[in-house]
Amino acid sequence: MTAHLTRLLGPAWLNLAEEAVQESMLRALQTWPYQGVPENPAAWLFRVARNSAIDAVRRNKIFGDKTDAMVAELSRSAIVMPDNPELEEQLRDDELRMIFMCCHPAMARDSSVALSLKTVGGFNVREIARAFLADDATIAQRLVRAKRLIRDHELTLEMPHGDELRQRRDTVCEVIYFMFNEGYTALEGEALIRQDLCQEALRLGLLIASSSLVTPSIHALVALMALQAARLPARTDDSGDIVLLESQDRTRWDQRLIALGFRHFDRSMTGEHVSEYHVQAAIAATHARVAEAGTEDWPAILNLYDQLMTITDSSVIALNRAVAVAKVRGAAEALAAIEPLDKTPSLQHYYLLLAVRGQFLLELGRRSEAAECYRAALDCRCSEPERRFLQRKLAECET
Amino acid sequence: MAQFMLLLYDDPSGWEKLSPEEMQKAIEKYMAWTKKSIDSKRLAIDPGKVIRAQGGKPRVTDGPYSETKEVLGGYYTIEAANYDEAIKKALTHPHVEYGLTVEVRQVYGT
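Protein sequences, first through last, are from chains X and V. Take the numbering used here: the final residue in the first sequence is number 399, and no numbers are missing along the way. Take the numbering used here: the final residue in the second sequence is number 110, and no numbers are missing along the way.
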């Protein structure tokens, strides 16, 4: 809805659109509980939001002599016609334009994510702040800067074309994947908000996957997110402790998401280009296919990681690859594989690198060295469940 | 069974702080509760008019809400054996959860 009104009003008036939507929801909250939900709730909300926007345009005279033209434009909006079969389609289209604008190259990555969540996802400042473990003021600032940038650069909701469209689509994928990872990787913070992040990322991915903008890489991204999200319920036990992949209760994996993931994985198999998402999805798919722990096809997984390393030079992926190396060729080789990572600045004080090394040393029977790694890992920044996990491992070294 | 009226007071400025997602959740909760009730009416959102006697003459003024942020938003009529039961039912209403006021009054003559 915000996206639709923003298209009518122009992106510079994003705030006005947001307020109008807020107003319509408020009205709904005040009347539906007594009078029942109207026959076409979406059209109802639109009518109220549009009227509210028209009022604001008239009252504030922000459009000067263009006021009448803008009122006419808003009044013409097809969306307020009830039972409009094009309603959903128009809405999806507006949302897509909005995400693509949020991912403009001039926008910083975290601003893109925050703005997408706010305008397309319906999150408020407080929720975004909780999701990013940041304070409200930081997020509010970020949004103000993003909106100023829209004005200053006179961004529009026009879809880019040609090369620009291809580049923008790559950025959109990165932003969606970033959003997903924010929700997926951190164990700290409020679980529900984080789940919302994953869901929103998946929803946006599916939105693009069902549009004319779809590419095989987008199917791969959707597959990757769905397959990973399927494991979310099994990742922690009832007391909130971490459960490693190999000991997860597979019956708690979300079969619906796994099926969705495989459907999109199949569709990603068209075309020549193999993206990072393809290989990541293939790894997730290999894990998801395993019915029983201990029967994973580690050589295949290692192969995929090798392939992934030719596409990206991410040191976190190199670290993940080392785990596969240990499973296939033993801990000694894996230990050698992570040695170069010591020099990577971004991995300094990264508890996972230390924890992984500790695990390899433990497997080699070098207990005191392993204990040292876990102790060092405990000095790094990590969440409470992770801390408890490291302490359990440390105790294992000392017995 | 006696009839009771639940008078629900709104604080619009409180609702304004919610995000669209949270509002949607709130609407769902309210709708779920409403299914159980028999009769409900929403009052118009404008502040309304008040007729008060002043110096023996009726005088019409704008809404009486200058002294409070809360506005009577609507009412439900429910059936209950007594006040205890009516209150028990009213306590399950999402209005209570959102920290808003619900007035419970018995209706005579039914």
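Hints in this document: simulated from the structure, not taken from any laboratory. The reader is advised that the hints may include incorrect statements.
Result set (BS3-like, lysine-lysine): computed pairs, CA atoms no more than 30 Å apart in a straight line [to be verified]:
hint, chain 1, residue 1, chain 2, residue 2
1, X, K147, V, K89
2, V, K41, X, K61
3, V, K57, V, K17
4, V, K25, X, K147
5, X, K393, X, K327
6, X, K66, X, K147
7, V, K89, V, K17
8, V, K41, V, K25
9, V, K17, V, K88
Status of the hints after comparison with the structure:
1. In summary, the hint linking K147 (chain X) to K89 (chain V) is not supported, as the alpha carbons are separated by about 46 Å, beyond the 30 Å threshold.
2. Between K41 (chain V) and K61 (chain X), the direct Cα distance comes to roughly 36 Å. Violation of the 30 Å bound is thereby established for this hinted pair.
3. Between K57 (chain V) and K17 (chain V) the CA atoms are separated by roughly 42 Å; this puts the pair beyond 30 Å, and the hint is violated.
4. With a C-alpha separation of about 27 Å, the suggested pair K25 (chain V) and K147 (chain X) falls inside the 30 Å cut-off, and the hint holds.
5. Taking the CA atoms of K393 (chain X) and K327 (chain X), the gap is near 19 Å; set against the 30 Å cutoff, the hint holds.
6. Distance restraint check for K66 (chain X) and K147 (chain X): the Cα-Cα separation of roughly 22 Å lies within the 30 Å cut-off, and the hinted pair is therefore satisfied.
7. Only pairs whose Cα atoms come within 30 Å are accepted, and K89 (chain V) paired with K17 (chain V) is accepted, the gap being roughly 27 Å.
8. Taking the CA atoms of K41 (chain V) and K25 (chain V), the gap is about 21 Å. The hint holds against a cut of 30 Å.
9. Proposed proximity of K17 (chain V) and K88 (chain V) is supported: the alpha carbons are some 29 Å apart, at most 30 Å.
The structure is inconsistent with the numbered hints 1, 2, 3, although it conforms to all the rest.
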